[in-house]
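> Taking this note's numbering, I'd label the letters of the sequence shown as residues 1 to 169.
Be a bit skeptical, because a hint or two may be false.
[Stated by the list, open to error] Lysine-lysine pairs mimicking DSSO-like chemistry, simulated, CA-CA at most 30 Å apart:
id: 1; residue 1: LYS64; residue 2: LYS116
id: 2; residue 1: LYS102; residue 2: LYS59
id: 3; residue 1: LYS81; residue 2: LYS102
id: 4; residue 1: LYS33; residue 2: LYS137
id: 5; residue 1: LYS87; residue 2: LYS60
id: 6; residue 1: LYS116; residue 2: LYS59
id: 7; residue 1: LYS60; residue 2: LYS33
id: 8; residue 1: LYS92; residue 2: LYS59
id: 9; residue 1: LYS33; residue 2: LYS64
id: 10; residue 1: LYS49; residue 2: LYS78
id: 11; residue 1: LYS87; residue 2: LYS22
id: 12; residue 1: LYS109; residue 2: LYS81
The set of hints was computed from the structure by calculation and includes no laboratory data.
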Amino acid sequence: MPISVNLSVSQFVNNKIVKYVKEGLEYARLSAKDIEFEVTENIMMQERKHSLEILQELKKMGFKISIDDFGVEYSSLKYIKMMPIDKIKIDKSFVDGIGNCKKDEAIIKSILSLAKNLELSVVAEGIEIDSQMNFLKENMCNHIQGYYYFRPMPAKELEILIENKEWIH
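Using the sequences and the hints, build the whole thing.
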């Protein structure tokens, strides 16, 4: 099961981030292929050259890179093309509009089409109800994230869930 790690602005702009990531990987005895770093558009737009270099280094090491909260900040197609990303995460604010707002639905469909054409995976964030799930299935969204399946839980409950493979639907 892959692990997603959000990078904050202060972590991302730290010149030693790659060194710290390497050390952490060795300490935890994990493989880079099992970890995905999530960065917001805001982080990528600050210090663009530095951001590109850091993301390229992490990508070379074997990490997956995703853009979190896609669509709420800059959404520059130029940088989507340049950045070494694997996945786009559609912000919950658009998902909340499914069934209520044709514009939100059109934006989601556009993001899904763009991602498919760029060979990127897509995660829709904040799925809570059947109508959202059905819309995303119909429009071939790769993955969902939200309370639709599970709410936050204590670590012990999560361990049992994983051991029993109850998370596989």
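> State for each hint whether it applies.
Hints versus structure:
1. As the CA atoms of LYS64 and LYS116 are separated by approximately 17 Å, the hinted pair is consistent with the 30 Å bound.
2. Simply put, LYS102 and LYS59 have alpha-carbon atoms about 36 Å apart, too far for the 30 Å limit, and the pair is violated.
3. Between LYS81 and LYS102 the CA atoms are separated by roughly 27 Å; this keeps the pair inside 30 Å, and the hint holds.
4. The suggested pairing of LYS33 with LYS137 holds, with an alpha-carbon distance near 27 Å, which does not exceed 30 Å.
5. Using a Cα cut-off of 30 Å, the hinted pair LYS87 and LYS60 holds, with the two alpha carbons roughly 16 Å apart.
6. Distance restraint check for LYS116 and LYS59: the Cα-Cα separation of roughly 20 Å lies within the 30 Å cut-off, and the hinted pair is therefore satisfied.
7. Using a Cα cut-off of 30 Å, the hinted pair LYS60 and LYS33 holds, with the two alpha carbons roughly 11 Å apart.
8. With a C-alpha separation of about 26 Å, the suggested pairing of LYS92 with LYS59 holds against the 30 Å cut-off.
9. As the CA atoms of LYS33 and LYS64 are separated by approximately 7 Å, the hinted pair is consistent with the 30 Å bound.
10. Of the supplied pair hints, the one linking LYS49 and LYS78 holds, its CA atoms being roughly 13 Å apart against a limit of 30 Å.
11. At most 30 Å may separate the alpha-carbon atoms for a hinted pair to count; LYS87 and LYS22 meet this at roughly 22 Å.
12. Among the hinted pairs, LYS109 with LYS81 is consistent with the structure: their alpha-carbon atoms are about 19 Å apart, no more than 30 Å.
Hint check: a violation occurs at hint 2 only; the rest are consistent with the structure.
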